[in-house]
Amino acid sequence: MKKMRIILKKNMKSLMLTFIALICALLVASVIMVLAGYNPLQAYQSIVTGAFGSRNAIAQTFLKATPLMIIGLAIAVAFKGSAFNIGAEGQFYAGALGAALSEMYFHETALPSFIIIFLCLVTAFVFGGIWGAIPGYLRSARGASEVVTSVMLTSVMLLFVRYLVTQGGPIAEPRGFYPETQEIVESARLPYIWENTRLHAGFIIALFVALAVYLLMEKTTWGYKIKATGLNSLSAEYGGINIGLVTVTTMALSGAIAGLAGGVEVLGTSWKLYMGLSPGYGYNAIAVALLGRLNPVGIIFSALLFGMLNTGSNQMARSIGIPSTLAAVLQALVLLFVVGFSVLENKEIILKKWKRGGNNE
Amino acid sequence: MSNFFTWAFILPLLQATIRMATPYTLAAIGGIYSDKAGVSSIELEGILLMGAFTGFATVYYTNSLWLAVLVAMLSGVLLVGIYAFMVVMLGCKSALIGTAIVLLASGLTNFYYRSIFGVSSEYTSIIPFKNFTVPILGHIPVIGKIFFQQNALVYISFILVFATWYFFEKTALGLECRSVGENPFAADTLGLPVVRLRMINVLITGSIAAIAGAYLSIATSSSFVENMSAEKGYAAFAIIILGRYSPIGAFLGCLLYGFADALQLNLQAIGINVPYQFMLMMPYIFTLIVMFIAGKGEKPEGHSKFFKKGLQIT
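Chains as they are written, first to last, in my numbering: chain A, 1 to 361; chain B, 1 to 314.
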């Protein structure tokens, strides 16, 4: 009972701090808007109505939250293992490419819908995993910063996809009018889950991923190894954990989950692959993961919040002309404040780590 | 193939190499100040973007290129001040704060650019820095053409390479900064103001790297494009490691990048038949190879070690 109370108290404290971090981010963003000559209250109001004002708006919010949630979980896995996967954007596109290629392969076949969908998503998972494993390998074999390598790999993947789908490119639609792939067949599309809206089964998949990540991290040895490596790689190594292997597999898993998000996006939302499939989900999801405190339940809620922010800010740009990139500013601010406050909150733990000579890379 | 090896091809290529290397050089030289003092320079990309935007906006409003460089430096210092405060004083993880800084810079510059100039496909442009020939040096055959018929910021980057080398190798203050990076606790015992030195070094990083950003929008081009730094900041981070944390080494690394960029442009110009997307990939793949070769390099001993007065390592 006493233990329960301590856990509850600790969670309340971190929830409060998260809330304060959000308020701070909103306040600073207000100043930024005032400097540009906009009315922040009007902006926030427009974001909220844009995100919840109608049935379609709500569906749109959930739709935007789906990739953010899956990628946020991907990033949480990596960050738990102290692998800073900043390249989820590239892994997302790798997955989207995997799903699109796989669908092309099954385009003419008469396989049952769920098999096609399953195979496409598996391909997406594998493609993302490969793209995530490379920075993991460079980190464990050469000690190269995974932040830099994963960012570079993102640029490479974006250019590669752009080459593939450019008008007349290798996998572009055959008429050669648009820089995108042909629309996927009906049997490969994810079913809708809410009548008369575009909300599809991807959202359910996202919730499943959250459950799977929770089970993995809390109930399996692999998850334990990831967390041990993240907390203190030196003592994990003394404890007999193969740090290099854990880093590679953690990054691969993280990339694979981000790739799955790309697959879900192609099969559920866009039905084709093109540049601009992601308006920066891979980066936004970093804020999602940290705001959710790398906890699957927390990430579900923070993804919904950012889904709302993305949907609402697009609406805001259309109705009152404030640039939608305000959402990006807000996300960066949230990131800064959340990280800052979490250091203050976990002072004792971090102090202990420093006393052991740990670094803050 | 024969036209590869004529002066008419090689001279402009080498001249372009220097021109294209300069943003990398300025960013890497800036980054060396914080790396030497033991603070990771993973936030460079964000400073570049910030400098590119504020520099461009200043020229747009005032038509003064030098004022623009100053404003860019100031904005770089302000932005990196957040990073310095959170990493050096609070002890946050530099990878996280660095990423946040990059995202913040990207969001802010896009937000203000769209607020001021609108969302149109036509770029607003300004009159950029012009090339001028340095007296005497500029008239040396070949070398003069390659090195001394460039714009003013290129010359500033040369001076900074030398000055930074001199500072860290030959001055007492430079030695103090290095010892803070090598072993902050020992430096503290010797009575050095560790936190203050680290803060100042990171702020210098911000001011120099911001010139690299401004170079992109007011020297090599005449307009600001969203996210125009195109990962040059991250490349600079890799170059510093490749150059073993030495200004001269980093400068050589930057020349390599400049050459790759220039070659890509020139090959396109003479119509080599490779899709342009693959050409654009080159610097990124190049960085991956660099990271593979250099690995984590020879970091200063105390790199990314947090220091706080009274904190004793047990």
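Among the clues, some could well be false.
One-sided excerpt, in silico: chain B residues whose CB lies under 10 Å from chain A [to be verified]: (1) A100; (2) I116; (3) H139; (4) I241; (5) R244; (6) I248; (7) T287; (8) M291.
The hints are simulated quantities; they were obtained by calculation from the structure and are not laboratory data. Ideal Cβ positions, reconstructed from N, Cα and C, are used throughout, including at glycine.
Problem set entry | Numbers of the earlier hints that this structure fails to satisfy, in rising order | Violated: hints 3, 5, 6.
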